[in-house]
Structures are given as structure tokens and as C-alpha cells.
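Asks: Protein chains in written order, with the numbering used here: chain A, 562 to 794; chain B, 77 to 326.
Source of the hints: derived by calculation from the structure; they are not laboratory data. Some hints could be false.
Below, a list of computed lysine-lysine pairs in the PhoX-like style, where the Cα atoms sit at most 25 Å apart [claimed, not checked]:
{"#": "1", "chain 1": "B", "residue 1": "195", "chain 2": "A", "residue 2": "792"}
{"#": "2", "chain 1": "A", "residue 1": "609", "chain 2": "B", "residue 2": "100"}
{"#": "3", "chain 1": "A", "residue 1": "609", "chain 2": "B", "residue 2": "134"}
Anything over 10 Å on all C-beta distances counts as not near chain A; from chain B, calculated [said to hold, decoys possible]:
{"#": "4", "residue": "150"}
{"#": "5", "residue": "191"}
{"#": "6", "residue": "219"}
Where a beta carbon is used, it is the ideal one built from N, C-alpha and C, also for glycine.
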Amino acid sequence: MSYYGESIAHSSLLGVGLGILLGTGINFGIIVVCLLFGILFLWLQQSKILSTDTLLGVLAHLALSIGIIVISLNRIKIDIHAFLFGDILTVSSNDLWMMYLGVILVIFLVSFNWSSLLLVTIDEDLARAEGINPIYINLLLTTILTIVVAVSLQIIGLLLITAMLIIPAATSRRLANSPEQMALIATLIGIFSVILGIFLSVEIDAPSGPSIVVVSATLFFLAYLFNFLIKKD
Amino acid sequence: MKTINALISASNVSVIKHHKSILKNIDIQINKNDFITIIGPNGAGKTMLLKCLMGFYKPNFGKIQKKNKLKIGYMPQSINVINTMPMTVKNFITIRKKYDDISFKQVVSEIDIRQLVDKQLSVLSGGEMQRVLLARSLLNNPDLLVLDEPAQNLDISGQLSFYKLIQEIYSKRDISILMVSHDLHLVMVSTKKVLCLSNHICCSGKPQQVAQDPEFISMFGKDMANMMAVYQHTNHTSQIDNHLIDGEVK
Numbered sequence: 562m563s564y565y566g567e568s569i570a571h572s573s574l575l576g577v578g579l580g581i582l583l584g585t586g587i588n589f590g591i592i593v594v595c596l597l598f599g600i601l602f603l604w605l606q607q608s609k610i611l612s613t614d615t616l617l618g619v620l621a622h623l624a625l626s627i628g629i630i631v632i633s634l635n636r637i638k639i640d641i642h643a644f645l646f647g648d649i650l651t652v653s654s655n656d657l658w659m660m661y662l663g664v665i666l667v668i669f670l671v672s673f674n675w676s677s678l679l680l681v682t683i684d685e686d687l688a689r690a691e692g693i694n695p696i697y698i699n700l701l702l703t704t705i706l707t708i709v710v711a712v713s714l715q716i717i718g719l720l721l722i723t724a725m726l727i728i729p730a731a732t733s734r735r736l737a738n739s740p741e742q743m744a745l746i747a748t749l750i751g752i753f754s755v756i757l758g759i760f761l762s763v764e765i766d767a768p769s770g771p772s773i774v775v776v777s778a779t780l781f782f783l784a785y786l787f788n789f790l791i792k793k794d
Numbered sequence: 077m078k079t080i081n082a083l084i085s086a087s088n089v090s091v092i093k094h095h096k097s098i099l100k101n102i103d104i105q106i107n108k109n110d111f112i113t114i115i116g117p118n119g120a121g122k123t124m125l126l127k128c129l130m131g132f133y134k135p136n137f138g139k140i141q142k143k144n145k146l147k148i149g150y151m152p153q154s155i156n157v158i159n160t161m162p163m164t165v166k167n168f169i170t171i172r173k174k175y176d177d178i179s180f181k182q183v184v185s186e187i188d189i190r191q192l193v194d195k196q197l198s199v200l201s202g203g204e205m206q207r208v209l210l211a212r213s214l215l216n217n218p219d220l221l222v223l224d225e226p227a228q229n230l231d232i233s234g235q236l237s238f239y240k241l242i243q244e245i246y247s248k249r250d251i252s253i254l255m256v257s258h259d260l261h262l263v264m265v266s267t268k269k270v271l272c273l274s275n276h277i278c279c280s281g282k283p284q285q286v287a288q289d290p291e292f293i294s295m296f297g298k299d300m301a302n303m304m305a306v307y308q309h310t311n312h313t314s315q316i317d318n319h320l321i322d323g324e325v326k
């Protein structure tokens, strides 16, 4: 399900296009489109007509393509490149406030539903036996991912958001002993990667998204190397 | 609303999925201190029946009534051991559970997993994992324990000791057990009632009766029926043997 985030991210370009076209603003467009897309996906997954991977593969790229078509047919003047790979220079102070709000909301949603999220991740039937309806938890997860995508789109870019969903968590996996520790360490690694990545992008005049991903992947390999050396002793 | 005495009572339950009848007119009652084992070939609807009874799945027809505030402990066939997430056994057993230290320690010693509690889930063997799942399902002192093919990933000695553990839990706790199992010859001694399912209920009753039922024999073959008889027999004599050995040592 790691690629669920990627699919939601891919659908965000359609949100950007529609948001500009209808004059509702980019953030609003992204949130509406990503949520609808997430719900559509959950509904199709529930019906079990296709495997999850196939479904994600079809829907993610369909959403991305429709987004690009909508943007180019209407001759919307935006820098697609910036949305695909992230450009920190496009972030306004208004966007910063949206990010603060998004972060607080995500922290709130995750911490209040932490144990239910954990149990549904481990086994849906086990969760059902204890009175959790996995559909609600999956909807919650969709909402959280949507917010994350909306606030990080301009910095990381929609093609690389998945990297930041997966790499810091995978790095942290090697260092943590509990899910709580893993979440905390992953967050710290994420923050560190973003800061170092942005410095790197300034230094070599590269787009911010790829620079951040390169830093975080370097940390990932270092963590594995570190682990390998420790286990050898 | 009428109050019911049974823990769960299902009447006339039918499930149709993709134009195929999965369950047909099932009537079943689970009472206090029952030990019911559901057997049946693959695709017989055993897991679906459990899901309906626990309320995970709403049947197309029929009615399922659960006793008010019924506490169910559920042990799934297996869980995806999530190598992507670190988690200790203790952490896993206690997620979303209201428990105190005493009841945790009690379950841990009952299932004999004291040496596992601080281990990571990802390093457990199949048998250890089954014990951990069982401990989790028992932590809230459930009225009903539901087990879905609990021993299918274990080797023969693992199966034997696992069913022995279930038998101990059943005799020590005030609990009802509903179990899906293929290892009928191993649960024969413990189970009080066998329900033979093949989309509909073919036959049900005490294990000895079911073993002689023509529908059972046509489904599992004469060999299985004979084997069940033999197992019951050997189990009995081996107990006597043990006594003799005990006597000699003393």
C-alpha cells in the first residue's frame, strides 16, 4: 500500500488544474480531487474486481494524464516542471500558513487514531473483531495522505512525494524497536533530509525535490551500512 | 427486543457471492461452554461462516443474534508479519486493549510465552506466532474464543501441543470455543460438537456420531472416519500407558 500515496499524489495535478480553472485556488482543488480519488480507489478496492497493484497502476497514471491534459488544453500558465519535481521558490508566505495548519491537523489525526491505524495495518480482520471498521480507518488514511500531498507538493513535487513517504520510514525501520519510535525517528530523518536537501539545492542550483530525495536516500544507505557493520561484530 | 440465552444464534443464514451460493440455510447456536469444531472441504464457506457469526460480514438472508455485550476473542489463521514495521510481542498483544499488569502476566504464563514478550514479531517462528495470536485473543477474558484453522502452519508436534493448550484453556476458563480445523483427528478428544460444512450443514453432532454419518464418510472417505475412531482409541490407551510408566518410576 506504499504506492497508495503515490497514486494520490499523481491525482493532485488534476486538482491543481481544476483549482486554477475554476478559480478556487490550488490547495482547495488538490484536497477535493485527491479525496475523491482516494474514495474512488477504496471503493474499487472493496469490490475486489482488480488486484490492488493493478488498480493503483491504472488509476495513478490515468489521474496524472488527465491532469496534464486539463492543464495543457486550457493553456493554464503554470510551470508543470515545478509541480512534478518541486520548486521551493514557488512557496509563498500564505502557503507556509497552509503548511502549518496541515501539519497540526495531520499530527492530531494520527495521534488520536494511532492504535486503530496500527491494528488495521497489521490485520483488518483482527481490527474488525475488536469493533473497528477498517473502511473508516482507510478513509482517515486517505484524508491524512491528501493533506500531506497538498502541503508538500510545491516543495517535493508530485513525482517524488512517495519517496518521502517511504524512504525516511524505511531508514527508521533499521533503527527503531517500536512503531512509535519508528514514526518519531522517521519524522526527524525527514526534517533533516529536507533541510540538508534545500541547502544542497541552493549550493548546486538544483531543484529542491530531487535534492531532498538524494539526501534522504543517502541516509537510508548509511543506516543499512551502519546496521550491517554492527551486526557483524 | 427478545433477549437470547445463546451467545450467538444464527437462523437461516445464506450468503451469495458472485452468483454462487457460499452458505445455504445455516442454523447454528453457540451456547455457553460449547466447544464446536467446524470441518469441511476447501471452499465450503467455513471462514465465511465465522465472519458472519462475528458480524464482519452481513449475510444476504437470515438473522444473526449476538448476546448483549458478548466479548469475542478472535485468532486469525495468520497475520502478515509486517517486516516493514518493528514491533515487540508485548506491544502487539496490548494494542488497543484495556488491560492491567496482572491479567497480562496471567495470559503470558497461561500461554507460556514469557520468553517471547520482548522479542520482535518478525523473528518469531510459526508456532510462536500462533501462541502470540492466541494470547492476544485471550487478554480481555472473552466469553467466546473464535479460532480459524489455528494450527495449519505448524508441524505435527506443534499441532499436538497447540491443541493441548486449547484444551487446557477450555477446561480452565469459563469460555466457549468455536474453531475451524482440518485436523479433526487431533481435536476429537477436546471438541464436544462437530459441524460438517459444505456450503450447507451436512451433519452435526458429537464427533463419534459425525464420523459414522454417511455424508461425512462420503466427503472425507472411510479412511478418515476410521482414523478418527483409531485416534480416540489410542489416546485413551496412551493415557493408561502413561499411568503405568508413572507407576514403574515410583
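Asks: Of the hints given before, which are not true for this structure?
Replies: Violated hint: only 4; rest satisfied.
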